[in-house]
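**Student:** Here are the chains, one letter per residue:
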Amino acid sequence: MSRSRFVKPEVTRLYLADVHKREHHALLERTGAEQATPEQIAASEAKVAQAVEDAEFIDVKRRLNTGEQQDMFAVMAPFMTPNQPLQLQSRQVMTGKVVAYLIGWSLTDDGKPVKVSASAINNLDPETFREIREAIEFHEESVEKELAVVKNGQGGASVSTPPSVSVA
Amino acid sequence: MVTITGQAAEVRWGYYTAATLGPWSLVDGQLTAIVVDADTYRVSQHPLVFEVTRATGAWTWPLTSVQIAGTTLTASLQQE
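Residue numbers (numbering that gives the first Met the number 0), protein chains in the order written: chain Y, 0 to 167; chain U, 0 to 79.
Hints in this document: simulated from the structure, not taken from any laboratory.
Yeah, the Cβ is synthetic: ideal placement off N, Cα and C, and Gly gets one too.
Please note that the accuracy of each hint is not assured.
[Stated by the list, open to error] Taking beta-carbon pairs under 8 angstroms as the criterion, some of the chain U residues facing chain Y (in silico):
# : residue
1 : Trp12
2 : Gly13
3 : Tyr14
4 : Tyr15
[As the list claims (entries may be wrong)] Quick list of simulated restraints, FRET-style, between CB atoms:
#  : chain 1 : residue 1 : chain 2 : residue 2 : range
5  : U       : Thr70     : Y       : Ala119    : 29 to 35 angstroms
6  : U       : Thr59     : Y       : Glu52     : 31 to 37 angstroms
7  : U       : Thr52     : Y       : Glu140    : 33 to 39 angstroms
8  : U       : Thr59     : Y       : Pro81     : 32 to 38 angstroms
9  : Y       : Glu140    : U       : Thr70     : 41 to 47 angstroms
10 : Y       : Ala42     : U       : Gln44     : 46 to 52 angstroms
One chain only, chain U, in its complex shape (with noise of 0.2 angstroms):
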């Protein structure tokens, strides 16, 4: 089982921001992180990606099922 974690990442909407993230765990293709800004409208479109700024540029990850419930946002990562 592979986990990757982190302090902060975006879900993105084309160049807008879908959703601000606080701390976020990945397990197995599965995220889980605590939201701390979202936009209604745009966390409900596609294609949505999960981006991490990095100091050489940024990681990203296209979604799949995104759900937030309270502060908590659960998606699937797409698989290839």
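So that you can see chain Y by itself, here it is in the shape it has in the complex (with noise of 0.2 angstroms):
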């Protein structure tokens, strides 16, 4: 059975400590003029524990369909003009990729939930919104190098076929 090259609406859960976490190997791994003080590594796991006893995460779509990324790519570059370098709106590249991928989250206001909207991201601290959009760029290139080995095969070996030859 040949694969489906439609996109299913697939979730993926997401957790906010996982980006600190990532961030904290990414500080233990520095070596040289660049190698963390103690003090920065304890400011870390401080901020580790606490994401991890927040537990708060963020539901996104697996992948984009081709609708959504057109409409990420519309937000982002709005204008464009053949042989012209892409013009891109700074502020809609902060967002467009969140609002493309994000559909609910743990988060609450006053212990109320939140529904998520474009409106909802916009009021967000800068601190909560920057790690959701650090989740979903990760999120985004795990998933992007996932169906890279699927297509070159199981291996991650790229597999060519030559074209086929006719004769007249």
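Assembling the complex is the task here: the two chains are given apart, and the hints tell you how they should meet.
**Tutor:** Following this line, the structure appears as structure tokens:
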């Protein structure tokens, strides 16, 4: 059976604590002049612990379909002129991907659930928005890598088929 | 015979809206509704769910055998 080329509405849950865990890991990987100080490591550990305790998560689309991807690009770069460099709307580049992917979250306001919307996203505190954006960017890269492996065969090696030759 | 009616609802396929419905009625597990808008691909997928938004959340019922003829949608609610 051939693989489906249609995007199904699959949902992936991402924990915001994982953003801090990756940042902490990156901090520990630093070497030389960039090496983290004990204070930086302690502060980072505290952030991870707090994020784990908060247990906040977001639900995102596993993949965007063509329409959603085109909508996202149209928001990021609404004016395209042939043979001219792409003019990106810096503000929309930041929020466009989040709006395209995000479908749910655990976030509350004064104890009440808040429905995901462009307005709710704009009213987040900048640090929470950053966590969400980084979680989504990591998710997007992970899915792209996963799809590339599937496309190129399970082993990840690129498989090419020689073109067929027709003899007149 | 139990009849439930409403003015607006949706047919959903996962997180997508497959159809936006206007006035609808549910009689003995049979849904009839006016279609305001429908995505022909999504409305042909499975599983589809009939969803009515309430002030405190949403009522959802799984659907089977969804048909759209003109501007009328008919469907059966999945039995338990």
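**Student:** Which hint numbers does the structure go against, in order from smallest to largest?
**Tutor:** Violated hint: only 8; rest satisfied.
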